[in-house]
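Enquirer: Listed in order, the protein sequences are those of chains A and B.
When we follow this note's numbering, the leftmost residue of the first sequence carries the number 1, and every step to the right adds one.
When we follow this note's numbering, the leftmost residue of the second sequence carries the number 263, and every step to the right adds one.
Rather than coming from a laboratory, the hints here were simulated on the basis of the structure.
Be careful, since some hints might not be right.
[Unchecked claim] With the Cβ distance kept under 10 Å, some of the chain A side facing chain B (calculated, not the full set):
(1) Leu-112
(2) Gln-140
(3) Asn-228
Just so we're clear, the structure is a prediction, and the values are computed from it rather than from any experiment.
Don't be surprised by glycine CBs; every beta carbon is placed ideally from N, CA and C.
Listed below, chain by chain, are the residues.
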Amino acid sequence: MIQQHTEAPILEVHDLTVSYNKKPVLWGIDFTIPKGVMVGIIGPNGAGKSTLIKTIMGLIPISSGFVKIFEEAIDKVRLRVSYVPQRESVDWDFPTNAIDIVLMGRYHKIGLFKSPRKADIDAAMEALEQVKMTEFAQRQISQLSGGQQQRVFLARAIAQDADIYFMDEPFAGVDAATEQTIIELLQKMVQKGKTVIVVHHDLQSVKKYFDWLLLLNMHLVASGPTKNVFTDELLQKTYGGKLSLLSKVGDLLKQHEFPHRE
Amino acid sequence: MQPLYIIILGSLIASCCALLGCFLLLRKMTMLGDAIAHAVLPGIVISYIVSGERDHTAMLIGATVAGLLTTFSIEFLSKKIKLQQDAATGVMFTGFFAIGVILISLFANKIDLDQDCVLYGEIGYLGLYNDAFIPIEIWRMLIILGLIITFIVLGYRQLLMTTFDLAFASSVGIMGALWQYLLMGFVSLTTVASFESVGSILVVSFLIIPPAAAYLITHSLQRMLIYACLIGIIGAISGYYLAVFLDSAIAAAMSVACGVELILIFIYVKLWKERVLSKAVY
Ligand SMILES: Nc1ncnc2c1ncn2[C@@H]1O[C@H](COP(=O)(O)OP(=O)(O)OP(=O)(O)O)[C@@H](O)[C@H]1O
Ligand SMILES: [Mg+2]
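All chains should be modelled from the sequences, with the hints used to inform the complete structure.
Expert: Laid out in structure tokens, this is it:
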């Protein structure tokens with residue numbers, strides 16, 4: 001197994017095992033992630049990608065092992081960590097509008113038992129502007145398209161102004177233009193020194209988007225810089241057994257080699 | 263004065279239920295409200311037996327405990343034993359309710375309480391047994407309404423966030439379980455405080471119908487809370503006069519009135535759908 005560790009990691013996951021009803025779905029996961037990179041988590045459906053992120057966020061109990069962010073337990077650093085759940089995990093018929101969702105990202109800055117001040121509203125509007133959603137601020141969320149809803153979730157994360165971001169499939173169901181907007185935004189965040197960790201399904205864009213990869217299928221297949229880890233052999237191991245997919249992966253790798261030779 | 267008191271008490275109960283019911287509806291937990299309304303019965307009976315009289319404080323405590331116990335055990339059945347949520351709810355509340363009924367029949371000769379009274383209530387008896395200027399039931403309900411409003415105003419953002427997106431709310435450090443049990447505690451308290459007047463079954467209609475109607479006509483949670491209260495209050499007032507007109511049970515008439523409001527609102531929304539939708543965008 002290729003497993004590249006880093007000095008002074010921003011995220012350390014050590015020998016992590018997670019179970020639902022005593023049945024482990026993640027086994028002995030062990031990796032570190034350096035500061036200021038764009039990380040992709042890749043793996044088939046049911047590989048435990050969402051489970052891994054939720055466990056790192058402290059939303060699912062750990063069976064064994066530990067997680068450290070900024071060398072601390074998650075509960076001590078929640079202010080610096082942002083989590084973007086899968087879009088389908090919430091009911092978008094909820095009676096509220098886009099800006100109210102974004103304001104949830106300002107929860108700690110607003111303070112307990114207070115209501116949002118002008119600074120909070122400005123920050124929320126600024127976040128909406130970054131995802132090009134200004135004109136939809138007052139729009140009821142059920143009347144947004146899937147891609148717009150995804151951008152509202154992203155704006156909420158931006159409003160949190162965290163140092164490390166965990167995003168569960170932010171590109172699911174968005175069109176090419178929206179995907180471009182989002183990826184540019186994430187790249188800008190990485191340039192500012194933030195660390196962005198994204199669950200991703202589209203193998204075609206992996207090389208373009210990510211500096212660092214985690215290949216996951218209940219076990220960690222590999223972790224490290226994309227150029228070392230995104231190989232035919234490791235991908236076959238990750239998606240093991242699915243023949244049609246395997247040949248497709250092979251094709252993809254070949255396709256991607258052309259531009260790199262230039 | 264009695265008609266006025268009945269209308270005021272009905273409106274207070276309707277408001278308490280409407281406010282809590284909005285959150286139950288959005289959390290897809292209205293049946294849990296139903297379950298609690300039934301499951302408080304053994305709590306009421308046991309505190310009755312223990313205290314030996316209609317001691318309201320004891321009953322409030324007993325029933326709130328029973329309500330929270332129901333919530334706990336439903337969570338336990340569905341999370342740990344993997345029973346489906348609706349099956350778990352059905353099992354628990356019928357179980358608790360049956361225990362209550364058995365207790366009543368066992369101790370029937372010792373206590374002045376019968377199933378009908380608990381199930382259907384009789385708001386018409388309000389103030390008949392004591393000659394205080396304003397009946398104690400009204401004060402009690404007023405205090406509970408005050409508590410509920412304080413709870414929602416202070417905890418608005420926590421309630422909003424845990425209801426809309428529990429995972430995100432937990433990720434910023436909000437304790438989802440705490441808010442869940444606070445909400446259920448208030449549902450239990452309200453159910454108990456109102457069972458004598460409207461009965462534990464009709465409480466359920468106040469918990470469900472006004473929020474459901476309000477949900478149809480607004481896209482803002484704050485407005486939904488206010489509309490639900492108004493719909494509940496209108497139901498209480500018109501229900502009273504309906505009962506006088508038909509010479510029927512008052513609480514049942516109030517519940518029917520709420521149902522009629524829901525139907526009217528539904529028709530309005532269907533007939534004017536385009537207009538409502540285009541307006542509701544902002
Ligand atoms: N609440 C749960 N209770 C029991 N098992 C669960 C639960 N959530 C997920 N699982 C199981 O855990 C495994 C990992 O699920 P997870 O959602 O983490 O996968 P994923 O990699 O995110 O998949 P996808 O690509 O479909 O989103 C799956 O086998 C799933 O069936
Ligand atoms: Mg997932």
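Enquirer: Compare the structure with each hint and give your call.
Expert: Here is what the structure says about each hint:
1. Among the interface hints, the one on Leu-112/A holds; its C-beta lies about 9 Å from the nearest C-beta in chain B, closer than the 10 Å criterion.
2. For the restraint placing Gln-140/A at the interface with chain B, the shortest Cβ-Cβ distance is roughly 4 Å, inside the 10 Å limit, so the hint holds.
3. The beta carbon of Asn-228/A comes no nearer than 31 Å to any beta carbon in chain B, farther than 10 Å, and the hint placing it at the interface is violated.
The earlier numbered hint that this structure contradicts is number 3, and it is the only one.
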